[in-house]
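Visitor: Sequence:
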Amino acid sequence: MAASASRAEARGPDSDPLALDFLFRPRSVAVAGVSPPERLERGTFAGVSLAFFTALVEMGFPELYPVNPKYGEILGHRCYASVRDIPGPVDHVISCVPAHAVLGLVEDCIAKGVRSIHFFTAGFGETGEEERAELERRVVARAREAGIRVLGPNCMGLYVPASRLSFSPEFPRESGPISFISQSGGHATDLVQAAASRGVRFAKVVSYGNASDIDESELLSYLAHDPETRVICAYIEGVKDGRRFLAAMREAAARKPVVVLKGGRTAVGGRATLSHTGSLAGSMQVFDALLRQVGAIRVDSVEEMADACVAFQFLGVPDGPRVAVVGAGGGFSVYAADELTEAGLELPELPSETQEALRRFVPLAGTSVRNPVDTVTVFGEQLLYDTLSTVASASNIDVVLLQLGFGLGRAQRDLPGAPSDEQWARELASAVARARETTGKPIGVVARTFPKRDVNERLLALVEACIDRHVPLFLSLPGLARVIAKIVRWRRWHEVEG
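For what it's worth, the numbering used here labels the leading residue of the sequence shown as 714, then goes sequentially.
Just so you know, the hints here were simulated from the structure itself, not pulled from any lab data. Honestly, I wouldn't trust all of these hints.
As the list claims (entries may be wrong) - Quick list of the computed label-pair ranges, beta carbon to beta carbon:
no., residue 1, residue 2, range
1, 782, 826, 19 to 25 Å
2, 751, 1001, 47 to 53 Å
3, 886, 1069, 35 to 41 Å
4, 1093, 1002, 37 to 43 Å
5, 800, 899, 33 to 39 Å
6, 816, 910, 39 to 45 Å
All values derive from a computational prediction rather than experimental measurement. Using N, Cα and C, we set each Cβ at its ideal position, and we do this for glycine too.
Just need the whole structure built from these sequences, with the hints factored in.
Guide: Structure below.
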């Protein structure tokens, strides 16, 4: 019991915050309960176990061992009957065995000297059944006694590109500055895919499920000190220890931007969290007050969190709330003005000297140069660069948004000498990147589209070009407006309180 007590102390945010670092850097991994593809039925539990193994194979993880007594080989790797049978050390085990078999697996891991176990296995305390909850307590207690750390149960585990760890074969291999902790494996998957599709890359993603051992407080404290993490995102349904969570959140938010999505904001949602991860959602008012107290940012959806990731990685933090919009027509400009103002941002009229400069190269017909600048006739790299750099250079502007029409200018493709989708996208991204470099101001692109094949092809070309030039691309003006407003408020809070 002394070992268990010392391990509980080690999880406190006041102890060495990087003591958990070994979890993210295993030298060898075993996947227990995996089956070969020829023996699977689509959508089965065993199919998910193969996805774990396939992801690690495709990431190129070097020391990888499948464990299942029924098979001799899986995806070219020798299969072992037990963790004990693996030659050499095993640092980390992914458990895909049924709940009734996990105690035996833990004993095998203890005998092997395993340092950490990720239990994808569900069917524990989240079911609401006391017998299942007691099994979870026994499993975690036995692991703790032996000095093994437990991730989960009921979770997807780890995505750490630098260590070649992943729970999805679709995730990028490149690392980035964003880290994400999530009680939901689905949200972990969705955020990575949504943000990565626009160029965001992650340092560490942790789906931690029921949090029976490693919990949100310990993970926040670790990421606060992790040199590979510049921005922390978190999806939280409930917390295990309110005081520890407050201390960890305060520590993290004092060091880095922290973006939080809270699950269970309503009474119905709160009941859903109890059946999902066995968490009590708690009062939303108290949670909001805590985030305000420490200077964290709360978002309302995975989509908004993805926008925040794009903003922090590629847009940057504006000096203030003053926005200029370079738009696609008068109606779009009015719409943008309404959305940005309602979000709490400002659209000041551009200085007279800026308007005069714009008039020298922006066609008079169908345009306004006050702000928004509804330059529906502006296209071509040089003209767009001139427009953006002139607007961004205005002394009363903190951030510039280039808003594209629903068709992304698709009708221009039929004009004589019009560029291909790829060339159009490259020129647009280049103009934005050059204007940003010239002025030092944040400049983002908003591409609102509709589901039509040729428009989607143009959008994909734009996505690739923006990723190549590190240009922030957003798909919703209202969502972007909320994110910019929250980031500006976050900056002001830390300037005053920090």
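Visitor: For each hint, tell me whether it holds in the structure or not.
Guide: Consistency of the hints with the structure:
1. Our hint of 19 to 25 Å for residue 782 and residue 826 holds, since their Cβ atoms are close to 21 Å apart.
2. In this structure, residue 751 and residue 1001 meet the distance hint of 47 to 53 Å, their C-beta atoms being roughly 51 Å apart.
3. Distance hint for residue 886 and residue 1069: a CB-CB separation of about 50 Å, inconsistent with the stated range 35 to 41 Å.
4. At roughly 51 Å, the beta carbons of residue 1093 and residue 1002 sit outside the given window of 37 to 43 Å.
5. Checked against the hint of 33 to 39 Å, the pair residue 800 and residue 899 passes, with Cβ atoms roughly 36 Å apart.
6. For residue 816 and residue 910, the hinted distance range of 39 to 45 Å is satisfied, since their beta carbons lie about 41 Å from each other.
Checked against the numbered hints listed earlier, the structure breaks hints 3 and 4; every other hint is satisfied.
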